Amino acid sequence: MSWKIRAKFQHRTDVKLTLLYILTFFLSASIICGFLYLRLKGQLIKEIDRFIFDETEELSAVLPKDLKEKEVPKNFEIGVAARTYYPIYFRILDGEGKILYMSAGMRGIVYELDEKAMANAREGKRTREKIHSPGRRRAFRFITTPLYKEGRLTYIIQMGTHLRFVRKSLSVFRSNILAALPIVLILGSLGGWILARRALSPIGYIAAKTRDITSENLNERITPRQTGDELDELIGTINGMIARLEASFRRMAEFTADASHELKTPICAMRGEAEVLLSKSRTPEEYQEGLVQFIERFDQLNQMINDLILLSKSDSSQVELNVVPVRLDLLIKDICNLFQVLAEQKNIALDIDPIQETVVMGDKIRLQQLFTNLIDNAIKYTPEQGMIRIALEKDTKMALVKVSDTGIGISEEEQGKIFERFYRMDKSRSKETGGVGLGLSIAEWIVHAHKGTIGVQSQLDKGSTFIVTLPLFHPEDRKFQP
Amino acid sequence: MRILLVEDDKGIVRFVKKGLLENAFSVDAALDGEEGLRSALHMKYDLIVLDILLPKMDGREVLKKIRSMEIQTPVIFLTAKDSESDIIKGLNLGADDYLTKPFSFNELLARIHALLRRGKTVASVSRLQVADLVLEVDGHRVFRGERKIELTPKEYALLELFMRHPGQIITRTMIAEKVFDLHFDTATNVIDVHVSRLRNKINRNSEPKLLHTVKGVGYVLED
Chain V
0 MSWKIRAKFQ HRTDVKLTLL YILTFFLSAS IICGFLYLRL KGQLIKEIDR FIFDETEELS
60 AVLPKDLKEK EVPKNFEIGV AARTYYPIYF RILDGEGKIL YMSAGMRGIV YELDEKAMAN
120 AREGKRTREK IHSPGRRRAF RFITTPLYKE GRLTYIIQMG THLRFVRKSL SVFRSNILAA
180 LPIVLILGSL GGWILARRAL SPIGYIAAKT RDITSENLNE RITPRQTGDE LDELIGTING
240 MIARLEASFR RMAEFTADAS HELKTPICAM RGEAEVLLSK SRTPEEYQEG LVQFIERFDQ
300 LNQMINDLIL LSKSDSSQVE LNVVPVRLDL LIKDICNLFQ VLAEQKNIAL DIDPIQETVV
360 MGDKIRLQQL FTNLIDNAIK YTPEQGMIRI ALEKDTKMAL VKVSDTGIGI SEEEQGKIFE
420 RFYRMDKSRS KETGGVGLGL SIAEWIVHAH KGTIGVQSQL DKGSTFIVTL PLFHPEDRKF
480 QP
Chain R
0 MRILLVEDDK GIVRFVKKGL LENAFSVDAA LDGEEGLRSA LHMKYDLIVL DILLPKMDGR
60 EVLKKIRSME IQTPVIFLTA KDSESDIIKG LNLGADDYLT KPFSFNELLA RIHALLRRGK
120 TVASVSRLQV ADLVLEVDGH RVFRGERKIE LTPKEYALLE LFMRHPGQII TRTMIAEKVF
180 DLHFDTATNV IDVHVSRLRN KINRNSEPKL LHTVKGVGYV LED
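Residue numbers (numbering that gives the first Met the number 0), protein chains in the order written: chain V, 0 to 481; chain R, 0 to 222.
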C-alpha cells in the first residue's frame with residue numbers, strides 16, 4: 000500500500016489516530032486511578048475513625064463523674080495502649096481544656112488543643128485531625144470528642160492512633176497502579192493501532208483505485224464493499240463524480256466533433272470558391288462578387304466562433320454579467336419593433352399582448368440576445384400568413400415571457416434536444432434558414448445565468464411556445480448575484 | 000491625417016496600413032507597446048489605433064501613460080477579448096472607441112472617420128442635406144425635394160445616422176449599436192431589411208438613387 004509510505008510517519012492518519020487513542024486512554028486511566036486512590040484513602044481513614052469512635056465510646060462509658068481516681072483511665076490504657084497494630088493514644092481534658100489524664104504513649108506526641116477544636120467541643124461537635132508531630136515519622140489521626148453529662152461539658156477526650164497501615168495500604172495500591180498502567184497503556188495502544196488500521200484500510204483501497212482512473216478509463220468504477228457504511232457511501236460519492244466526469248467528457252468530445260465539422264464545412268467552401276475563382280482569368284466584377292461572398296461566409300464563420308467562445312466561456316463561468324435592473328417590457332417592445340419588418344416580409348402578424356411595466360435584474364445585452372434569438376427563431380420557423388404572439392406576465396417573484404408561433408412545431412422527442420449544442424431540428428430544412436444550432440443553447444445559458452427557466456410546449460405543424468421565466472427585481476435585494 | 004497603429008500582428012498591420020494609405024491617411028506602425036509609446040510621445044498624430052495585448056507593454060498601460068502626459072489624441076482600442084470588463088476598463092482609461100478582433104477594415108475606417116469628425120461638426124445642426132434629401136433635425140421632418148417622407152422613429156434615427164456621415168460606409172454593426180442599441184452579433188438579416196425599407200422610402204420616384212449597398216460591408220449614403 001504505497002499510499003502509506005508517501006505520507007510522513009507522524010502525518011499518517013493511523014499513527015495520529017493511535018496517538019489520540021493512547022492519549023485518551025492515558026488521561027481516562029489516570030483520572031480513574033486518581034479517583035480510586037482518593038476514595039480508598041477516604042475509606043481507610045473512615046475505618047480508623049470508626050475504630051477510634053468505638054474506643055472513645057468505651058472510655059466515656061466507664062469514665063466517672065469526678066475524675067479524682069486515675070484508676071479508670073489507667074485500666075483502660077492498659078487494655079488499649081499495648082496493641083500491636085493500632086495502639087491507642089489518648090488524653091482526657093476538662094471543660095476548660097486542662098489536661099486531667101494522659102496515656103503514656105501520648106507523652107511523646109506534641110499536640111496542642113487548638114482553638115477550633117475547643118470551639119467545636121463547646122458546640123458539642125467532634126473534631127477530626129491529622130497530626131504530624133515533630134520528630135515522628137508517622138502521621139496520627141486524632142478525634143476530639145466532648146462529653147456532656149447533665150447538660151454540662153465535663154470532659155474532652157482526645158483519642159488517636161497512628162496511620163502507618165493506612166499509608167502502607169495506599170502505597171501498595173499506588174505501586175500496583177503504577178505497575179498496571181503501562182501494561183494497560185501498551186495493550187490499549189496496540190488495540191488502538193489495530194482498530195485504526197482496520198478502519199483506514201478501505202481508504203487505501205479507494206485511493207489506489209481512484210488514482211488508477213484517468214481520462215482513458217473513465218468507464219471504470221470503484222467496487223463497493225457491500226457493508227453499507229460511511230466508506231461505501233464515500234465510494235458511491237466518488238463513483239457519482241466519476242460518472243459526471245465521464246458524461247461531461249463525452250459531451251465535450253461530441254461538442255468538439257460537431258464544432259470542427261461545422262467549422263470545416265464553410266472553410267472548405269471558402270477555399271473551393273477561391274480556387275475556382277483563381278482557376279482562370281475573370282472579369283473584375285466576377286472577382287468582386289467572389290470576394291463579397293468570401294466576406295459573407297467569413298462573417299457567418301466569425302459569428303459561429305463568437306457563439307462557441309461565448310458558450311465555452313459560459314461553461315467555465317468566465318462570462319461576466321453586468322447585472323442591473325432592466326425594464327423587460329421596453330426591451331421586448333424594442334426587439335419586436337426591430338423584427339416587425341422581418342415578420343411583415345413573410346406576412347406574419349407579430350403581436351405583443353398588452354404588457355405592464357416589469358423590471359427584472361439582468362444583463363441588458365444578454366437579455367436582448369435571448370429574446371432576439373427566440374423571436375428570430377419564431378419568424379424563421381413560421382410559414383407565411385402565420386402568427387407570432389408575445390406575452391409578458393408576472394407574479395410576485397418571476398416575470399414570465401411567452402413567445403408563441405404558429406410554425407412547424409417540434410416533435411415531443413425533439414423537444415428535449417433542441418437546447419443541445421449544434422442540434423438542428425431538420426438538418427435539410429434548416430440550411431436555408433441559416434444558423435448552426437447554437438442559438439437555443441445560448442438562450443438557455445442566458446436564462447440559467449439569470450436564475451430563470453426556459454421551456455417549450457409544442458405540437459407538430461401547430462406551432463411552438465417558448466416560455467421564459469426571469470426573477471423580478473425587488474428594490475430590497477440589490478445583492479443579487481447571478 | 001496621420002495615424003499611429005500599435006499592433007504586433009504583422010498580418011493585421013499589413014492590411015490596415017494598406018487600407019488606410021489607400022484612403023489617404025499616412026500611417027506609422029509600431030510593433031510593440033514601448034515603441035508605440037515612444038512614437039506617441041514624440042510625434043503628433045490625429046488618431047491612435049492601439050491593440051491591448053502587446054509585447055513589452057500592455058496597450059492599457061500605453062494608453063494610461065499617453066493620457067498622463069496630457070496627450071488627448073483619440074484612441075481606438077483593438078481587443079481580442081470581447082469580455083465587457085475589458086472594454087469598460089479601456090473606455091475608463093480614456094479610449095474613445097473599441098473594436099473586437101476579428102474586425103472588418105471598413106468598420107475600423109468608419110470609426111476612424113467618425114472620431115476624426117467628432118471635434119469638427121458643429122454641435123447643433125438644424126438641417127442636414129445630401130443631394131436633394133433634407134432632414135430637419137428640429138422638426139423631425141424629412142423631404143426629398145418637395146416630397147415629404149413619412150418615417151417611423153427607427154427609420155428616422157437610421158437616416159439621421161447616414162445623413163451625419165454622408166459618403167462614409169456605415170456598417171451593420173454600427174447600425175445595430177447606434178440605432179437599435181444591440182451590442183452583440185446577430186446572424187439575422189433584420190438590419191438589411193430596415194435599411195432596404197428606408198431606401199425604398201427615400202428613393203421612390205426620385206433620382207439619383209441615394210442609399211447604396213456596399214457588398215459584404217454595409218451601406219453608404221451618397222449620390
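In short, the hints are calculated from the structure, not lab data.
Please note that the accuracy of each hint is not assured.
Stated by the list, open to error - Straight-line Cα separation of at most 30 Å, DSSO-like style, residue types lysine-lysine; simulated pairs:
id : chain 1 : residue 1 : chain 2 : residue 2
1  : V       : 69        : V       : 97
2  : V       : 379       : R       : 200
3  : V       : 263       : R       : 9
4  : R       : 200       : V       : 345
As the list claims (entries may be wrong) - Label pairs and their computed distance ranges (CB to CB):
id : chain 1 : residue 1 : chain 2 : residue 2 : range
5  : V       : 281       : R       : 147       : 28 to 36 Å
6  : V       : 336       : R       : 90        : 23 to 31 Å
7  : R       : 212       : V       : 279       : 48 to 56 Å
8  : V       : 312       : R       : 115       : 40 to 48 Å
9  : R       : 42        : V       : 290       : 47 to 55 Å
10 : V       : 290       : R       : 115       : 24 to 32 Å
11 : R       : 91        : V       : 293       : 32 to 40 Å
Bear in mind the structure is a predicted one, so any value in this text is a computation, not a measurement.
Using N, Cα and C, we set each Cβ at its ideal position, and we do this for glycine too.
Now the hints, each set against the structure:
| no. | hint | result |
| --- | --- | --- |
| 1 | V:69 / V:97 | holds, 15 Å |
| 2 | V:379 / R:200 | holds, 26 Å |
| 3 | V:263 / R:9 | holds, 26 Å |
| 4 | R:200 / V:345 | holds, 19 Å |
| 5 | V:281 / R:147: 28 to 36 Å | violated, 46 Å |
| 6 | V:336 / R:90: 23 to 31 Å | holds, 28 Å |
| 7 | R:212 / V:279: 48 to 56 Å | violated, 28 Å |
| 8 | V:312 / R:115: 40 to 48 Å | violated, 34 Å |
| 9 | R:42 / V:290: 47 to 55 Å | violated, 35 Å |
| 10 | V:290 / R:115: 24 to 32 Å | holds, 27 Å |
| 11 | R:91 / V:293: 32 to 40 Å | holds, 37 Å |
Taken one by one, the earlier hints fail for this structure at numbers 5, 7, 8 and 9, listed in ascending order.
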